[in-house]
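All chains, full assembly: derive it from the sequences and hints.
Read off the chains here:
Protein chains: 2
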Amino acid sequence: MTNKNDASYIRTTLFLCDAFEIVSCEWPKHAHSAVHQHGWSQCHVLVQEGTFENINYFGFKTETTIHEPGQVISTPVSASHEIKCISEKGKTLHVYVPPMSDKLTKTQLRTPSPVDLKKQLSLHLSTEAVGWSQLTQQLDQIQAASISTHSPYFMNQLFSGVSSETLLADQVLAQTKSTMATYEASPVFTLVEQEVVKSLGELAGWPVDQVDGVTVPGGSSANFMALHCARQRKFPNYKEQGLPAGTRVQVFVSEEAHYSLKKACVVLGFGTSSLISVKADTQGRMSAQDLKEKITACLEQKAVPLMICATAGTTVRGAFDPIDELAEICKAHGIWLHVDGAWGGPVIFSQTHKKLVQGIEKADSLTFDAHKLLGANLTCSFFVTNDPQILLAANDVSGADYLFHDNSEVIDRGRLSWQCGRQAEVMSFWTIWKSSGAANLGAFVDRLMTVKDETAAWIKTQSRLKLVSQPDFLNICVQVLPPAGSAAEEKTWATHVRNELKRKNLTMVNYSTTTDGLAFLRLILAHPQVSSNTVKEILTWATEVI
Amino acid sequence: MTNKNDASYIRTTLFLCDAFEIVSCEWPKHAHSAVHQHGWSQCHVLVQEGTFENINYFGFKTETTIHEPGQVISTPVSASHEIKCISEKGKTLHVYVPPMSDKLTKTQLRTPSPVDLKKQLSLHLSTEAVGWSQLTQQLDQIQAASISTHSPYFMNQLFSGVSSETLLADQVLAQTKSTMATYEASPVFTLVEQEVVKSLGELAGWPVDQVDGVTVPGGSSANFMALHCARQRKFPNYKEQGLPAGTRVQVFVSEEAHYSLKKACVVLGFGTSSLISVKADTQGRMSAQDLKEKITACLEQKAVPLMICATAGTTVRGAFDPIDELAEICKAHGIWLHVDGAWGGPVIFSQTHKKLVQGIEKADSLTFDAHKLLGANLTCSFFVTNDPQILLAANDVSGADYLFHDNSEVIDRGRLSWQCGRQAEVMSFWTIWKSSGAANLGAFVDRLMTVKDETAAWIKTQSRLKLVSQPDFLNICVQVLPPAGSAAEEKTWATHVRNELKRKNLTMVNYSTTTDGLAFLRLILAHPQVSSNTVKEILTWATEVI
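Protein chains in written order, with the numbering used here: chain A, 8 to 553; chain B, 8 to 553.
Check the hints yourself; a few may be wrong.
Looking from chain B toward chain A, a few residues come up when the C-beta cut is under 8 Å (computed) [said to hold, decoys possible]:
1. Thr134
2. Leu146
3. Leu175
4. Val199
5. Gly225
6. Asp408
Below 30 Å or equal to it, Euclidean Cα-Cα: the simulated DSBU-like pairs (lysine-lysine) are [claimed, not checked]:
7. Lys369/B to Lys309/B
8. Lys511/B to Lys205/A
9. Lys205/B to Lys125/A
10. Lys301/B to Lys286/B
11. Lys68/B to Lys126/A
12. Lys98/A to Lys98/B
13. Lys498/B to Lys113/B
14. Lys68/B to Lys361/B
15. Lys498/A to Lys473/A
16. Lys473/A to Lys286/A
17. Lys309/B to Lys241/A
18. Lys498/B to Lys473/B
19. Lys509/A to Lys473/A
20. Lys309/A to Lys241/B
21. Lys68/A to Lys362/A
22. Lys126/A to Lys205/B
23. Lys68/B to Lys125/A
24. Lys543/B to Lys113/B
25. Lys338/B to Lys301/B
26. Lys369/A to Lys205/A
27. Lys301/B to Lys362/B
28. Lys301/A to Lys369/A
29. Lys362/B to Lys467/B
30. Lys241/A to Lys241/B
31. Lys498/A to Lys543/A
32. Lys241/A to Lys301/A
33. Lys125/B to Lys68/A
34. Lys473/A to Lys511/A
35. Lys68/A to Lys126/B
36. Lys309/A to Lys309/B
37. Lys543/A to Lys361/A
38. Lys362/A to Lys473/A
39. Lys126/B to Lys205/A
Derived from the structure by calculation, the hints contain no laboratory data.
The C-beta atom is built at its ideal place from N, Cα and C for all residues, glycine as well.
Have a look at this one:
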C-alpha cells in the first residue's frame, strides 16, 4: 500500500498486522507531517537518510529536537508531534505498536447502564482461565466502555487529561513493584518522596529543613492526616489512652469545604457534631468574622478548638479562604491551621496567582493533590507539614521490628504513614515536575487562569448564561436559562442540559445547586489542551439543548 | 547480521536501533526456540509462512496456541515463551520494542546508600524542564537502582514477582484515569469492584447477596476499616456524637498480629491501651484460652469487647489463628470477628488448604491483599464483609451533593470508602483472576505449599540450619548457626548472614528475632517461579557466609 498524502511525503506500509505496523517514508525537502497523535499507540521513527526536525507537544511543554541518520524520533504515548524534513531529502522507518487506529481513542462521555454493561462485557469471575488474546480483547472493551477522562471535553472531575509523563512513570512503578514502607526495599523512591515533599513545602514558603510530609491515598486522606496531627500536637499523650475523659474538640471549616473533613471527624472518633461549619461570603470564601464568633462559642462551651481548615480552591466554586486572616486567629488561640489545597494548591507554582494563598507560610500543613490540576496519576496526594516531628509522633507505633530495622541514615517512611506496603505514587508527580520544570507548571496555571477570565467575560455577554459568582479559580459555575418561551422550569434546566450533553456524547460536565435550589453547570478547566473556545463551544451546545 | 543459532533457525536482523529491533527468521521443520523471556521488552512475531506452536508461561498458567500466516504471536512483557515450527518450513517477522537487552533485567538486591544514590541519580526538582530523552534515561537509572522485586531471589516482602497481567491492567488504569467515587464516572470499574468483592465473599463461604466490600489502600487500611465497622455496629449513634462518654473499648489480637491493629487503635481514637495482646502458642497461633481470660477481664473492667482480629497467616511466622474457636467466643459475647487474611487469605482458593481458615464463614469481615501472594500490583487490597449495610452506615456522610447525585441503579462506591477520588486498583486482581481462573490460583497455593514442605524437610537434614517452628504456611523462618569453631555469636549470626547475602547481590531475605533474642532468616515463598531448589540454593549460600 503506497500513497502520497497532503504533506507530500510518500508513505509505504511494509507490514501491517494486529500487533504492529511498519511503514517506510520518503521525504522531499521541507516535507512535513501535520500535528498528529497516535492514540494509545507507540510511535518510533528511525531516521535512515537526511535530517529531521521533530516537535513534541506535551501537556505542559513543547520540545523540538533535530535527528540525524541512525537516531530515533520517539513520540511518547498521548503526546502529539509533527515531523519536518530539513535536508534535501530523507527516508524514515516507522514502527507503530499497536497500529494507529481509532479503536481506543473514541470518546465515551456517556455513562452506560449497569444492565447494558453486564450484557456487553464479560466481567464475571470463575474457576476457568481465559486465553490471553481473549483477555486483551476484553480489556480493550472495558477501556472503550469507560469514561474518556483523557478528552478535553471531560470537565466533570477536578482533573482531565492523561499525560505522557504519567504513563511513563506508571510503567516504571508497575515494573518495579516497590513498597514505600522501608528505605532498604525502596531506596530511590524514599529519596524521591523526600524531594517532592521538601520542594512543595519550600514553594509554600516554609524553611526547607523544617518540612516533612508523606504521600497519602488521596486528598481526603491528607485532610484526615491533618486532623490526626493536630490532635497529636494538642494532646501529646493521646496515643496510648485516647483523649482525656470528657474532652470535646471542635474543627472549623467553611460551609463550602470538602465533605472529607466531616468524614475525618467520624473516622478519628470525634463524631460529626465536632465539625463546625463556618459561613461563606458571596464568593464562597470563609467568613473570618463568623469564624471568630464560633471559636468564642467553642471556648464558652469548654470545648477545645483543635483545627481550622482553610480551603484553597473549594470543590464547587473554586473559592480561596482568606488564609492570612485565619492564620491570625489560629495564632491567637493555638489552633492548628491546615490548608486543603487539593484543588487550588498548584497556584504556589505561579508567581502571578500565588497571592490566592497569601499567608500559607503561616499554616501548619497542606493537602496537595498532584493528580488534579497537575495531571499526575490517581492518586498522587501529599500531606505536607512544617512540623518536622509530628508525623512520626502521631503515627509510629512499636511492634514491627521484623520490618523497620535500625537504620540511622534515613527514616523508614512507613513509620510516618497509615499504610504499610504502598506504591511509590509520588513518581507520577516527580516525573511531571522533572519533565516540565516548575516554571512550566506555573505557566500552565497562568494560561488556564486567562482562559477562565476570557470565559467569564464571554458568559456575561450571553443572555441565557449567568455566572453563579465571579470565579476566583478554574471552576466555571454557570446557570443556563431555558429557551425563551419554554415552559421548562428554570430551577432544574441546567440538570436537564447536563444530561442531554452527556447523552449526545458531547461533554461530561458536572452540576450542583445554589442554596436557593437553582441548578447550575460546573465546568472544570484542567485539561492541558482546553481553551476558551472549548468552553464557548460547550456552552453554546448547552444553549441549543431543547 | 545473520547467524544460525542452536535451535537451527536462521535469524536476520533487519533493523536495530535504540527504540526497536526488527528481525526475520527462517525455520526448518521442528526448529524451535529455547524457553526465553525478553526482559521488559515487548515481543510480537508475525507468522509469514508456515504454522507455529507457541507456549506462553505466565505466573499461574501455561498457554499453548497455534498460529497460521498473518497471525501474530504476542508474548506479554514478563512472561516467558517458546516457539516451534510445526510445518515443513516457516518464516516469521519479529518486532521488539525496545530491543532485547539486559539493561533493565539486571538484578539489584543490594540497597545503595542515600549518599551514593544522590550522587548517582538526578533526583533534584527545579524550575527547569528536562528533555524527554534525558528523562527516560533518568527513569531507566532509577529503575535499575531500585530493588528487583521481580526476581525469584527477592524474598524480603510478602510478595515477589511482577506478572504480565498486572502490567496490562496497569496500562489500562493509567490510560483511563478513572475515579471510583461515582458510578457515572467509573461505570465499568464499579461493577468490577462489586464482582471481585462478591466473588471473594463467596469463597469465604458467605451468602453472596449478603456480601459487600470495598477496595482499600492496603491491608492496614482494611484492618482500620474492620475496626471502624465494628464500632459502627456496636454504637449505631456513634457517627454524630462519638462514643458515649466514659465508654472504653477493647480489641483483641494475637501477640504475633500485624502492627496495623495498634495503629488502627491510635487513628480511630481509642489509644493503644485498647489493644489487648493475646498469647500465641508455640506455632504462633492465638490461644483461645488466653483470649477467654482476657475477655473476662475486659468485662470485669466494664470495658466493651469490640472486635477480635484473627490473623490468617501472620507476618513473621505465617501462623493461622483458630478461627473456628474464636468465632464461638465472638458469638457468645456479640463481638465482631475480623479475619486479617492479608497474607494467608489466598488459601480460600485451595481445596486442600482452605482448612487453614476453617470457620471463616462465621467471621464478620476479611482483609484480603491480592498484591501479596496473588501478585497484583501494589496496592490491591479489599475489605470484605457479610454485613451488607455496614459500610454505608459507617462511612456515608452528607455534604457531597455536587458529587453523589441520585442514582437508584447502583450505589456510588465513594460512599463506602474513606477515599473520594481513587484509582480502580481492583483491575489488577480482576485481570489476574480472569486470566488465570480460580482453579489455577488454588493450584498455585498448593504448589508453593509443597515447596514449603520439601524445604522444611530438607532443612531438618542440615546441621547448621534450624526451623524456628514447623511452618503452617509460606514463611520459612530458619536460624543459621555460625561455622563450626567460629567465635561469632550465635544470636546475631543470621543478621550477619542476611546482610552478606544482600551485599553479594545474591538474595534479599528478611530477618527477625525470637522472643529469646535469637536472630533468624525469614524466606517468603511467593514468586511464581520459586522452587525448593531456589530455597536450598539460598540456604546453602547462607551456610557459606563467613
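Now for the hints, and whether the structure bears them out:
1. Thr134: holds (4 Å)
2. Leu146: With a closest approach of 5 Å, the Leu146/B hint holds.
3. Leu175: Holds, about 6 Å.
4. Val199: Because about 6 Å separates Val199/B from the closest Cβ in chain A, which is inside the 8 Å limit, the hint holds.
5. Gly225: holds (5 Å)
6. Asp408: Interface hint status for Asp408/B: holds (7 Å vs cutoff 8 Å).
7. Lys369/B to Lys309/B: holds (26 Å)
8. Lys511/B to Lys205/A: Not OK: Lys511/B and Lys205/A at ~34 Å, beyond 30 Å, violated.
9. Lys205/B to Lys125/A: Holds - the C-alpha atoms of Lys125/A and Lys205/B are around 15 Å apart, at most 30 Å.
10. Lys301/B to Lys286/B: holds (10 Å)
11. Lys68/B to Lys126/A: holds (28 Å)
12. Lys98/A to Lys98/B: Distance ~27 Å between Lys98/A and Lys98/B Cα, so the pair holds.
13. Lys498/B to Lys113/B: Given that 30 Å is the threshold and the Cα spacing comes to 34 Å, the pair is violated.
14. Lys68/B to Lys361/B: holds (21 Å)
15. Lys498/A to Lys473/A: Within the cut-off at roughly 13 Å; holds.
16. Lys473/A to Lys286/A: holds (23 Å)
17. Lys309/B to Lys241/A: holds (28 Å)
18. Lys498/B to Lys473/B: With a Cα-Cα distance of about 13 Å, the restraint between Lys498/B and Lys473/B holds, given a limit of 30 Å.
19. Lys509/A to Lys473/A: holds (21 Å)
20. Lys309/A to Lys241/B: Within the cut-off at roughly 28 Å; holds.
21. Lys68/A to Lys362/A: holds (24 Å)
22. Lys126/A to Lys205/B: Since the Cα atoms of Lys126/A and Lys205/B sit roughly 18 Å apart, the hinted pair holds (cutoff 30 Å).
23. Lys68/B to Lys125/A: The hint holds at about 27 Å.
24. Lys543/B to Lys113/B: With Cα atoms ~22 Å apart, Lys543/B and Lys113/B stay inside 30 Å; holds.
25. Lys338/B to Lys301/B: holds (16 Å)
26. Lys369/A to Lys205/A: Holds, at about 16 Å.
27. Lys301/B to Lys362/B: holds (27 Å)
28. Lys301/A to Lys369/A: At roughly 21 Å apart (the allowed maximum being 30 Å), Lys369/A and Lys301/A satisfy the hint.
29. Lys362/B to Lys467/B: holds (25 Å)
30. Lys241/A to Lys241/B: Cα-Cα ~29 Å, so holds.
31. Lys498/A to Lys543/A: Given that 30 Å is the threshold and the Cα spacing comes to 22 Å, the pair holds.
32. Lys241/A to Lys301/A: With Cα atoms ~19 Å apart, Lys241/A and Lys301/A stay inside 30 Å; holds.
33. Lys125/B to Lys68/A: Holds, at roughly 27 Å.
34. Lys473/A to Lys511/A: holds (23 Å)
35. Lys68/A to Lys126/B: holds (28 Å)
36. Lys309/A to Lys309/B: Satisfied, since the Cα-Cα distance of roughly 28 Å is no more than 30 Å.
37. Lys543/A to Lys361/A: OK: Lys543/A and Lys361/A at ~27 Å, within 30 Å.
38. Lys362/A to Lys473/A: holds (27 Å)
39. Lys126/B to Lys205/A: holds (18 Å)
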